[in-house]
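The lines below spell out each chain.
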Amino acid sequence: MSDSTEEVRAYTVRLELVDRPGELLRALEPIADNGGNLLSIFHERGNVTPRGHIPVEVDLEATPERFDDIVDALRDEGINVIQAGAERYGEELTVVLIGHIVDTDLSDTLSRIEDSSGASVRDFSLSAPEGRDGESSARVRLAAQRGETEAAMDIIHEIAAEKDFQVVEPLTAGDAA
Amino acid sequence: MRLAVIGAGAVGSSVVDLAGEYGHTVTAFADSRSAAVAPAGIDGQAAIERKETEGVVGDADPEDALAGEYDVLVEATPTTLGDAQPGFGHVEHALERDRHVVLANKGPVAERYADVRALERESAGEVYFEATVGGAMPVLSTIADFGPDKITAVRGVLNGTANFILSRMAAEGLGYEHVLAEAQDLGVAEADPTFDVEGTDAALKCVIVANVLAGDEREYTLDDARVEGISDLPGSALDLANEDGRTIRLIGEVTGGEVRVGPRLVPEHGALAVTGTRNIVQLETAHAGQLNVSGRGAGGPETATAVLADVDRLAD
Chain Z
1 MSDSTEEVRA
11 YTVRLELVDR
21 PGELLRALEP
31 IADNGGNLLS
41 IFHERGNVTP
51 RGHIPVEVDL
61 EATPERFDDI
71 VDALRDEGIN
81 VIQAGAERYG
91 EELTVVLIGH
101 IVDTDLSDTL
111 SRIEDSSGAS
121 VRDFSLSAPE
131 GRDGESSARV
141 RLAAQRGETE
151 AAMDIIHEIA
161 AEKDFQVVEP
171 LTAGDAA
Chain H
1001 MRLAVIGAGA
1011 VGSSVVDLAG
1021 EYGHTVTAFA
1031 DSRSAAVAPA
1041 GIDGQAAIER
1051 KETEGVVGDA
1061 DPEDALAGEY
1071 DVLVEATPTT
1081 LGDAQPGFGH
1091 VEHALERDRH
1101 VVLANKGPVA
1111 ERYADVRALE
1121 RESAGEVYFE
1131 ATVGGAMPVL
1141 STIADFGPDK
1151 ITAVRGVLNG
1161 TANFILSRMA
1171 AEGLGYEHVL
1181 AEAQDLGVAE
1191 ADPTFDVEGT
1201 DAALKCVIVA
1211 NVLAGDEREY
1221 TLDDARVEGI
1231 SDLPGSALDL
1241 ANEDGRTIRL
1251 IGEVTGGEVR
1261 VGPRLVPEHG
1271 ALAVTGTRNI
1281 VQLETAHAGQ
1291 LNVSGRGAGG
1301 PETATAVLAD
1311 VDRLAD
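Protein sequences, first through last, are from chains Z and H.
For what it's worth, the numbering used here labels the leading residue of the first sequence as 1, then goes sequentially.
For what it's worth, the numbering used here labels the leading residue of the second sequence as 1001, then goes sequentially.
In case anyone wonders, no lab produced these hints; they're calculated from the structure.
Heads up, some of the hints might be wrong.
Covered by chain H, per the in silico footprint, the following chain Z stretches (three or more residues, Cβ under 8 Å) [stated by the list, open to error]:
(1) 53-62
(2) 94-100
(3) 161-171
Taking CB as the label site, the calculated pair distances span [to be verified]:
(4) H/Gly1187 to Z/Leu38: 32 to 40 Å
(5) Z/Asp108 to H/Asp1244: 20 to 28 Å
(6) H/Gly1175 to Z/Leu25: 23 to 31 Å
(7) H/Gly1023 to Z/Glu158: 53 to 61 Å
(8) H/Asn1242 to Z/Ala32: 42 to 50 Å
(9) Z/Arg122 to H/Asp1223: 51 to 59 Å
(10) Z/Ala32 to H/Asp1083: 54 to 62 Å
(11) Z/Leu24 to H/Ser1141: 45 to 53 Å
(12) H/Gly1299 to Z/Leu24: 53 to 61 Å
(13) Z/Glu77 to H/Asn1242: 37 to 45 Å
(14) Z/Ala32 to H/Glu1126: 47 to 55 Å
(15) Z/Asp19 to H/Ala1286: 53 to 61 Å
(16) H/Ala1286 to Z/Phe42: 26 to 34 Å
(17) Z/His100 to H/Leu1222: 25 to 33 Å
On a predicted model such as this, the values are computed, not experimentally measured, just so you know.
Built from N, CA and C at the ideal position, the CB exists for glycine as well.
Could you put together the complete structure from these sequences and hints?
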């Protein structure tokens, strides 16, 4: 029931392919067949692994549930999946901050998030119905580098503790894959 | 089975009301001051009516109910924190007499889980407590069926009052105080809503789940939970979430030995964004993906249904 309503996320899978014609296509089919949307394929032809295999990095979009199916399908096909899901490329992270956001130096808040976490602010939206001196809410959408979302959250919590903000965090969709 | 029902609130009264339909006999029914006791079965309707009109369920002493003839003690007194009394004492009393216990009261299993389990080991009686987590929803029995070691995480919306307030705030663009007053008028929120809106009730349910998942390896109490409520959330926070296709729900989580309750951003049309007083629990299973259980998490007949399901388990 939740399959169609779950959020689509971006994932990176790192594969190791045997150097033989048709292998790349064979690796991409399970992704497309299971409802994954291919974003990019990085085929490192010149960079052969010690076992003589070719590393390939595939970025795709899928719901967390479908992503599980994709990884299972790749493995069923005998494709060597080196890494899946744990490092999500370009993962977006949305948080809502509540507190005196405007009069505690907004630009300082945003630049500190960017400077210290490797995340970039994609979108920012402020709602201050009580004016700049009152309590307001802000939604911040960050694009975090792979593996950096935790660091970004840590910085946000640090700033929140200092400036007395309440943080509404996103709920991560489980420890997929 | 012969039931002694302790506690004459919505849940206790509903158990008395529905017991006959499930083939059980209520031999004792007590509130904090009075009791109706009859080894052949009390007149449940009369006791419920007397509670409504006179404030007592019968002429006997509450002690007589505890000491009476029964197979299962149904503990439905209010949840208390700390030493979980008097609920814990009632559990102790029944187990020492080798009787079974079915809890609707969260206190004993949320605050004194190890003590309850120790008493159970010494007793021929068993303790069941399906009704303490998610009312009518089969959360604990599903965990038991899968095996607690096959469940890797549990999360969900476990308090109908907080959820009603958040879903109304999001849908109508109203502020917290306004919606709370409306919820109180409708009887969805208590006059003192602290227990619900500060996240304590959801946290107790999560602590119970954490205790079940941990087996006897570790005991959790409320002190082990990280708890944030919803009373400081402005309407503007929900508006902003909504602009981005999300909403805010009070989510309880048990994962990796951590218990946490707080307002969280969830996809607006996702499974966790249940509305009104509906509850949902998501179980992450080791081999079967995600499982959702949704339904009515509170209410007299709903919770009594879970109590009577436990009684049936004991009868088998």
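Consistency of the hints with the structure:
no.	hint	in the structure
1	53-62	violated (count 0)
2	94-100	holds (count 4)
3	161-171	holds (count 5)
4	H/Gly1187 to Z/Leu38: 32 to 40 Å	53 Å, violated
5	Z/Asp108 to H/Asp1244: 20 to 28 Å	24 Å, holds
6	H/Gly1175 to Z/Leu25: 23 to 31 Å	56 Å, violated
7	H/Gly1023 to Z/Glu158: 53 to 61 Å	59 Å, holds
8	H/Asn1242 to Z/Ala32: 42 to 50 Å	33 Å, violated
9	Z/Arg122 to H/Asp1223: 51 to 59 Å	39 Å, violated
10	Z/Ala32 to H/Asp1083: 54 to 62 Å	60 Å, holds
11	Z/Leu24 to H/Ser1141: 45 to 53 Å	48 Å, holds
12	H/Gly1299 to Z/Leu24: 53 to 61 Å	57 Å, holds
13	Z/Glu77 to H/Asn1242: 37 to 45 Å	41 Å, holds
14	Z/Ala32 to H/Glu1126: 47 to 55 Å	52 Å, holds
15	Z/Asp19 to H/Ala1286: 53 to 61 Å	36 Å, violated
16	H/Ala1286 to Z/Phe42: 26 to 34 Å	33 Å, holds
17	Z/His100 to H/Leu1222: 25 to 33 Å	30 Å, holds
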